[in-house]
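2 protein chains.
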Amino acid sequence: MTEIIPHWLQKQADLSPGRLALETPEGTKITFGDLHKAVDIQARKLASLGVLQGSRVAVLSHNSVEMVVLVHALSYIGATLILLNTRLTASEWSFQLQDSEADLLLTAARFEKQAKDTGVALLTIEMLHEQPEKEYTCCTELRLDDVFNIIYTSGTTGNPKGVEHTFGNHWWSAIGSALNLGLSHEDKWLSPLPMFHVGGLSTIFKSAIYGMPLYVTESFDEKIVQTAIIDRGVTIVSVVTVMLQRLLRLQEEDGVTYPEKFRCMLLGGGPAPLHLLEESKARAIPVFQSYGMTETSSQIVTLSPEDSIRKLGSAGKALVPAQLRIMTGTGFAKPEEPGEIQVKGPMITKGYYRNPNATEGAFREGWLATGDVGYTDKDGYLYVLDRRKDLIISGGENIYPAEVEGILTSQPSIKDAAVIGKTDTKWGSVPVAFLVKSADVSVEELQTYCQERLARYKIPKYWHWVDELPRNASNKLMRYKLQQLLDEGSA
Amino acid sequence: MTEIIPHWLQKQADLSPGRLALETPEGTKITFGDLHKAVDIQARKLASLGVLQGSRVAVLSHNSVEMVVLVHALSYIGATLILLNTRLTASEWSFQLQDSEADLLLTAARFEKQAKDTGVALLTIEMLHEQPEKEYTCCTELRLDDVFNIIYTSGTTGNPKGVEHTFGNHWWSAIGSALNLGLSHEDKWLSPLPMFHVGGLSTIFKSAIYGMPLYVTESFDEKIVQTAIIDRGVTIVSVVTVMLQRLLRLQEEDGVTYPEKFRCMLLGGGPAPLHLLEESKARAIPVFQSYGMTETSSQIVTLSPEDSIRKLGSAGKALVPAQLRIMTGTGFAKPEEPGEIQVKGPMITKGYYRNPNATEGAFREGWLATGDVGYTDKDGYLYVLDRRKDLIISGGENIYPAEVEGILTSQPSIKDAAVIGKTDTKWGSVPVAFLVKSADVSVEELQTYCQERLARYKIPKYWHWVDELPRNASNKLMRYKLQQLLDEGSA
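Top to bottom, those sequences are chains A and B. Residue 159 in numbering that gives the first Met the number 0 is what sits at position 160 of the first sequence, and the numbering runs on without skipping anything. Residue 454 in numbering that gives the first Met the number 0 is what sits at position 455 of the second sequence, and the numbering runs on without skipping anything.
In isolation and in its complexed conformation, chain A is listed as follows (with noise of 0.2 angstroms):
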């Protein structure tokens, strides 16, 4: 049965009302009452507008107390959040609302004009302000089954999926970090990571279950992270490892340390490389190695720093209310084999919105196939090989190949497509195309192209034309073998 609790929100402005909730670099404070006092105010605004429990609202928005309040605000008129990548393209947007069916777009004004031809009816954060205040009825419980909002992720075929969070996923989320991370209320925690992902979003949520401030900052700038840390009293920060590597660098020039009482430095979108940990381990900055995806409502794997060293590139064991197995073709994967990664636990996913195929095909007897893969070494510790085998992971973002593949392809000239990622000191890795061409175009047309339909990041950074894509007999692309031709330098 569905278990009920009081809104996570509303539970702690009644028992510690005058504690901090949010903080910001430039001074902005707000405790636990006030926050809650804001948030029901944004929400009769919405409810003037016609928002009401059941109805479905997309956010698109960089990361702010705005965001935060408007999220909280969504869950206590019992709408569903629809959460926008403000890095994509209005058709990439326009997708993800259709989809979802959304009834409204809420967007910060900084992306008011590249949204406006979505199609949904649109509303700037900034005019919401000035909407009167209507009456509503407020959700005081949260039934943890409900679904509460969805974020899209791409898949290694078809159109992106949404992904459902119940309230209970984004609970048992925060629960089972906290069984991993302790808990004090000395805690500040600071996720430079966009809340339109589910790593930056669950913080939000872990907040108000725990009664902890969260330290918002609108988007990566590692002084601005620098100093939280030093002079603001943030104990914890999750990072991706291009983050990581920024505050190394940034550490080393300014000759500074951190104080003892920072005390996780989670690190999760993809493996470290080894260096990046030693030096971590020479710093004495506590990295929390992580692995997890949209469908786990974040991290569901958690390498401790004690064990960094000695299973070096492990990315840990399942947190307390998870499960992991290792599935070859043939049954249960033996240690050091590898396999697919599969995960249970009550933080993942029931699926993903109006897609009962996709959510049937991503289960196996109640297991997230997740199509990475990895092995376990002796002592069960998780070591991931490959990000669902094609997946690109730049700086900390998830590329599909098979979505860039679409749009190339979709071009007139282009006759076939396959795109597949290059590492990168950067960004960890930046995706690559081989094109084969059935008319000319050029290069900058194609850029061009992409810019109008992919979000920056997605578009490929090296461009190769070949005759023909390496491809099976039946007709499968062999993307190894451009990996090999990458490798060899000879592309």
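Rather than coming from a laboratory, the hints here were simulated on the basis of the structure. None of the hints are false.
Where chains are identical, the list cannot tell them apart; a pair therefore holds if satisfied intra-copy or between any two copies.
Calculated cross-link-like contacts (lysine-lysine; reagent style DSSO-like; alpha-carbon spacing at most 30 angstroms):
(1) K260 x K280
(2) K310 x K28
(3) K460 x K414
(4) K222 x K280
(5) K480 x K460
(6) K36 x K377
(7) K377 x K133
(8) K44 x K377
(9) K133 x K115
(10) K36 x K310
(11) K133 x K333
(12) K36 x K333
(13) K377 x K28
(14) K460 x K425
(15) K377 x K333
(16) K112 x K44
Here the structure of chain A is known, so what remains is to put chain B in place on it, guided by the hints.
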């Protein structure tokens, strides 16, 4: 839908095999890895006795490492655990064994003689050790909606009822407590409360869920507890009022103070007198007052030490996943207005074993109607005025007058009987009997009669003969009139 998590003990044995799980004053130290092994062996021995998934096994034991092992072993097998209060009589045990449909009674050797005529197959825990081992299917997952154990509680009327606790009840109770107290890898919890009560039992699960050592003591001994706090690194102790009192007295006698890392004295089992809280405050003992009952799987309302003087006498606020309301006959009580305390949350039992009437009667639209009377102040803090009107709490044990009265009137010479509580400096309260006789009978005869049928703590300490009991027109006992007699000293 029910959530499924990995078995909490197996999980800790995997995550932290070398971390300390159990410790005793005698110097026993058992890691999570070794505890898992011991539990697995115990499960094999149980399997050889025919205990299997769905079996119903009663346990009658004082606190011990072996009892912890047994509790976990039954969960490995998937059997239901029925916990018997060691202080009851054989006839009280018989009722609970019959009512719970127990297949087997496992008892510590010291209770064997008393328990041999309960009509259920009996084995001592010592004899269990001599059993051979047999393969069994180990439950590697816990379904949170599954019932794991039954603990009997008496009500205001009728027979004791078997409160069912699901794995989820215990999980949520542990999480609610962690969100309140915080979680640190430095923690070590000592509960001198019996493990056959939910307060003691819950620490077994908290240990496994948090990966935290449990300091196991056979019963309460203030010297052992003080030593554990001062020399053995115990940071959290669960107590009832009489224990806190004795600890304070010993502290004073010995002229010692507790170390700073001792961070929580969790006080349950009835209201604490103000002088005790003030003395604790003066001695810098962080007392967390709490309110809970078997049905709420231990504490559900807690007051933080920082509020203990400001809100003197309050039990605090409902834990993060829980809710509290006060209901009068006509609806919601206003602040300061007394009414029935009702609570809601996922740690609350789903009902009583094979007793749908009692289950239905206990809930109002999903809220547990505790029968206790209290009010909330304007800030929402709970003040418990009276436990279930007539409930007598003596040294942390609940005594239901109806049960004692039932035994008394079953004696052929007793025509009518009433039992109320009398304030007692040592036990908080003790039972007092008011009796109307139909034939000659002595107090000694009645004491002997009671000793065969009632736990010692339930037997009246004072006996008064009256011509008739004060009853109203509908023949309902007017207990307050008896209370007046006591207060006036005329009885």
